[in-house]
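Given the coordinates of chain L, assemble chain C onto it according to the supplied hints.
Protein chains in written order, with full-length UniProt numbering: chain L, 1 to 151; chain C, 1 to 282.
Since the hints were made in silico from the structure, they are not lab data.
Treat the hints with caution; some may be incorrect.
[Said to hold, decoys possible] Simulated crosslink set (PhoX-like; lysine-lysine; CA at most 25 Å straight-line):
(1) C:K15 to L:K5
(2) L:K34 to L:K72
(3) C:K121 to L:K5
(4) L:K9 to C:K15
(5) C:K107 to L:K5
(6) C:K121 to L:K9
(7) C:K107 to C:K15
(8) L:K5 to C:K265
(9) C:K125 to L:K5
[Said to hold, decoys possible] Footprint (simulated), chain L over chain C, 3 or more residues, beta carbon under 8 Å:
(10) 24 to 34
(11) 212 to 219
(12) 244 to 250
Idealized CB from N, CA, C, for every residue including glycine.
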Amino acid sequence: MFATKRLQKELNNIHKPLPPGISIASTPDFTNWKMDIQVLDNNPLYADQIYRLNFKFSQSYPIEAPEVTFIKEEGRDIPMHPHIYSNGVICLDLLGSNWSPVQNVESVCMSIQSMLTSNTKNERPPGDDAFVRSGYRSPRNINFVYDDNTV
Amino acid sequence: MSAEELRLAGNTSFKNGDWLSADKKYSQAIAIDSRNYVLFTNRALVRLKLERYDDVINDCMSAININHDAMKGHYMAAQALLALSRPSEALGFALTAYQLAIQQQSKSATDVANVVLEAKKQRWKKLEHNRIDKDDSLLNQMKTLIKSDSERRIVDLREQQWDSTDHERDFEAEIAVIRDDARVQIEELANVFARADPQRYRPREVPDYLMDSISFSIMTDPVVTKKGHSYDRTTIMDHLRRSATDPLTREPLRVEDLRTNLALKQACTQFLEENAGWAVDY
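Okay, chain L solo, but in the shape it has when bound (with noise of 0.2 Å):
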């Protein structure tokens, strides 16, 4: 497959100016690398505050999404929205029944981005403590239900 060679030329072109509010935490390999996001309007939910993304590529990537979650670590929570579980799982369908191979890690910053910009609740998903004890850690096994997709 082509993943590795995709993904270095994801690298190579993500070394090319970025869009702003995002940057690369890390990428120590082509199987996991780690973003930074930051919301850059006003929003009070988000205020002067850095979330970071977690990357899992597969070997079947792109064909297959690569597995994105937030991760909390030191000076980095875990953004309250409505869509994004309190232990990071994030509930877009872009990054399962809609994905599709020509996003890439950049696009995919970007949709998560706004996703939280366009954010004015306060909350988490409904069902958030029981989902969190329930241990789900891969979101690609998780049938969600999009039940709101006003936010």
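Just chain C now, kept in the frame of chain L:
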């Protein structure tokens, strides 16, 4: 044991990584039934592992003679010929293997396409190598002339220095000037050669319109969707196996909707003819 039983025993040995025993089982099977091309392609695979490339080619030829559509026969023959540094012959087999892989909707199509590219690359390197050798021999000859001329002048100066009684004259400085002149002349000469062949010195970039937007590699067999976007046949087929949608518009898209983009294919082929040495890995 029957030929079929021997074949299955050979498969088991192969799975266990016992190439020698697999080779023996397939050979016994072939001794009983020499009309089954699968026995030959199986043995060819074992011999590929054993790096017995000439034998691989023989087995592949036998398989192809029995069944011309034996994709694996063409595919492994190409691999063996590449290993033997015979890229032009390898390319012929690889291209046939690729056509068959597409016809048979084989999952190996991507791997076969990579062997096609590798063959193009190796062939380009061989040609390029010959060309550089030829050019460089002329360049090197002229460099040698400049160097020997400056050395001769330095030797002359040293002799004059030996006999000279003129203490004002700075021979070391004059020698330095001769060396400097020679260096500048050689640099200029190299520049002239570079200007005469800009192909070799132009930036090594594949234009975006020849790149597949899924694999980010140069396309070799571009196909166009209903909406007019082009992808490499192997990568879009990988995608369609997972999701029957247009990657950009997400509208339904089936393999039958794809058409070969002949003009773009020609552009890619021509670009690879001229640049395969680096464009394959670009």
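Hint check:
About 29 Å separates the Cα atoms of C:K15 and L:K5, which puts this hinted pair outside 25 Å; it is violated. Restraint check: the Cα-Cα separation between L:K34 and L:K72 comes to about 12 Å, which is no more than 25 Å; the hinted pair holds. Proximity of C:K121 to L:K5 is assessed by CA-CA distance (about 17 Å); at most 25 Å being required, the pair is judged to hold. Restraint check: the Cα-Cα separation between L:K9 and C:K15 comes to about 35 Å, which exceeds 25 Å; the hinted pair is violated.
Annotation: proposed proximity of C:K107 to L:K5 holds, straight-line Cα distance about 19 Å (limit 25 Å). Distance restraint check for C:K121 and L:K9: the Cα-Cα separation of roughly 19 Å lies within the 25 Å cut-off, and the hinted pair is therefore satisfied. Note on C:K107 and C:K15: the hinted pairing holds, with a Cα-Cα distance of about 20 Å set against a maximum of 25 Å. For the hint pairing L:K5 with C:K265, the CA-to-CA distance comes to about 22 Å; that is within 25 Å, so the pair holds.
The straight-line distance between the Cα atoms of C:K125 and L:K5 is roughly 21 Å, inside the 25 Å bound, and the hint therefore holds. Counting residues of the region 24 to 34 of chain C whose CB lies closer than 8 Å to any CB of chain L gives 0, which falls below the minimum of 3, so the coverage claim is violated. Residues of the region 212 to 219 of chain C with a Cβ under 8 Å from some Cβ of chain L number 5, which satisfies the need for three, so the listed coverage holds. Against chain L, the region 244 to 250 of chain C contributes 4 residues with a C-beta closer than 8 Å to a partner C-beta. That satisfies the three-residue criterion, and the hint holds.
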